[in-house]
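There are 2 protein chains.
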Amino acid sequence: MISDYKIVLASASPRRMELLNQISLNPVIEPSTVVEIITTRVPEDAVIELSLQKAEDVAKHQQPGTVVIGADTVVAAEGKILGKPGSHEEAFKMIELFQGKTHQVFTGVTIILCGKNGSIVRSFAEQTDVHVYPMTLEEIRSYAEEEEPMDKAGAYAIQGRFAAFVKGIDGDYSNVVGLPVGRVYQELKQICEQEEKE
Amino acid sequence: MISDYKIVLASASPRRMELLNQISLNPVIEPSTVVEIITTRVPEDAVIELSLQKAEDVAKHQQPGTVVIGADTVVAAEGKILGKPGSHEEAFKMIELFQGKTHQVFTGVTIILCGKNGSIVRSFAEQTDVHVYPMTLEEIRSYAEEEEPMDKAGAYAIQGRFAAFVKGIDGDYSNVVGLPVGRVYQELKQICEQEEKE
Numbered sequence: 000m001i002s003d004y005k006i007v008l009a010s011a012s013p014r015r016m017e018l019l020n021q022i023s024l025n026p027v028i029e030p031s032t033v034v035e036i037i038t039t040r041v042p043e044d045a046v047i048e049l050s051l052q053k054a055e056d057v058a059k060h061q062q063p064g065t066v067v068i069g070a071d072t073v074v075a076a077e078g079k080i081l082g083k084p085g086s087h088e089e090a091f092k093m094i095e096l097f098q099g100k101t102h103q104v105f106t107g108v109t110i111i112l113c114g115k116n117g118s119i120v121r122s123f124a125e126q127t128d129v130h131v132y133p134m135t136l137e138e139i140r141s142y143a144e145e146e147e148p149m150d151k152a153g154a155y156a157i158q159g160r161f162a163a164f165v166k167g168i169d170g171d172y173s174n175v176v177g178l179p180v181g182r183v184y185q186e187l188k189q190i191c192e193q194e195e196k197e
Numbered sequence: 000m001i002s003d004y005k006i007v008l009a010s011a012s013p014r015r016m017e018l019l020n021q022i023s024l025n026p027v028i029e030p031s032t033v034v035e036i037i038t039t040r041v042p043e044d045a046v047i048e049l050s051l052q053k054a055e056d057v058a059k060h061q062q063p064g065t066v067v068i069g070a071d072t073v074v075a076a077e078g079k080i081l082g083k084p085g086s087h088e089e090a091f092k093m094i095e096l097f098q099g100k101t102h103q104v105f106t107g108v109t110i111i112l113c114g115k116n117g118s119i120v121r122s123f124a125e126q127t128d129v130h131v132y133p134m135t136l137e138e139i140r141s142y143a144e145e146e147e148p149m150d151k152a153g154a155y156a157i158q159g160r161f162a163a164f165v166k167g168i169d170g171d172y173s174n175v176v177g178l179p180v181g182r183v184y185q186e187l188k189q190i191c192e193q194e195e196k197e
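These protein sequence lines map, in sequence, to chains A and B. Note that the first sequence covers residues 0 to 197 in numbering that gives the first Met the number 0. Note that the second sequence covers residues 0 to 197 in numbering that gives the first Met the number 0.
None of these hints come from the bench; they were simulated from the model. Backbone N, C-alpha and C define an ideal beta-carbon position, used for all residues, glycine too. Just to be clear, a hint being listed does not mean it is correct.
[Claimed, not checked] Partial selection, computed: residues in chain B whose CB lies under 7 Å from chain A:
1. E77
2. S173
3. V180
Model the full assembly from the supplied sequences, consistent with the hints where possible.
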């Protein structure tokens, strides 16, 4: 059972922590210090690569009986991968790309179970499509000038004021916030069962 | 502009209040005391009827320059309309209906703008499809025995622990929580523009 393991979140994101708390998981936070390297421009592959690097970096210091979760989120629009904006102007340009259209959010997750007889590693990427209402230039400008977009991949928080501009999504909502907790819980369940059988 | 109006929420739901706060709207709460009457079994029509009754009941006491928002949420699965569970056993039966399948959440909203030259009334229903992972009997039982499902239409909180069992949604997430804030914001914008033109 999941509750038999110590869970370690290889990420300093308070939003990922909150999402895990929401489903009654209470991980310890140990952010990875690895230098992140991407060898692909395909968003779903890039987020898996990064989540694996983070999880492996943290897993190597762990005792048996620990499960490490690494994650990385990017936004993709019109063939571009968008990370966090470097300035309010960059935030403006990102939101301008999204308004009136559909874009994709990808979160890559790697779960490493450190067992007595070696590790089990599982990686996956979850995609959510986000449909945004048309926005006026004034709405984009006023949103981009706030603090809310500044530390978010894609320059918006669906769990914040940006919800006013979201028409709907196809996929997991928590994936857009930063961690697909439904899929994470299902994979954790399977990986723990697999370890118990071995 | 929306900020020129006093906003009144005709609902005591703390979740609807939080959703409006999330998009920077700060309504006054005045729950309706109307006896709710449904004349249809079609979910989208029933929630509109109820939202209209609530909004009209509260709007009749208001001064010009006020916008009243009424809302009602139901869950529909296999042709049945599900409200709040009356017991943990009823919660168990509802969750059992959902597991491994897709069901629908409908929120009906009525917005009444009380203007100087009469009122503008707008009603709509928003639908979100929710896909739930297969659940074991033990998972259903353990969830149904908690307090979380007891005051929720459909006996679950997507914003709570039930997120572990949600595969994804098609539509607006906030609609499942209790108020489709994206659509509400868009309609408020239009209704205020309409009033300014008259």
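(request) Answer holds if the nearest beta-carbon of chain A is closer than 7 Å to that of E77(B); otherwise answer violated. (result) Check failed: Cβ of E77(B) comes no nearer than 22 Å to chain A, outside 7 Å.
_Would the hint on S173(B) be counted as holding, given a Cβ-Cβ threshold of 7 Å to chain A?_
holds (6 Å)
At a threshold of 7 Å, is the proposed contact between V180(B) and chain A supported by beta-carbon distances?
Since the shortest Cβ distance to chain A is 5 Å, the answer is holds.
The earlier numbered hint that this structure contradicts is number 1, and it is the only one.
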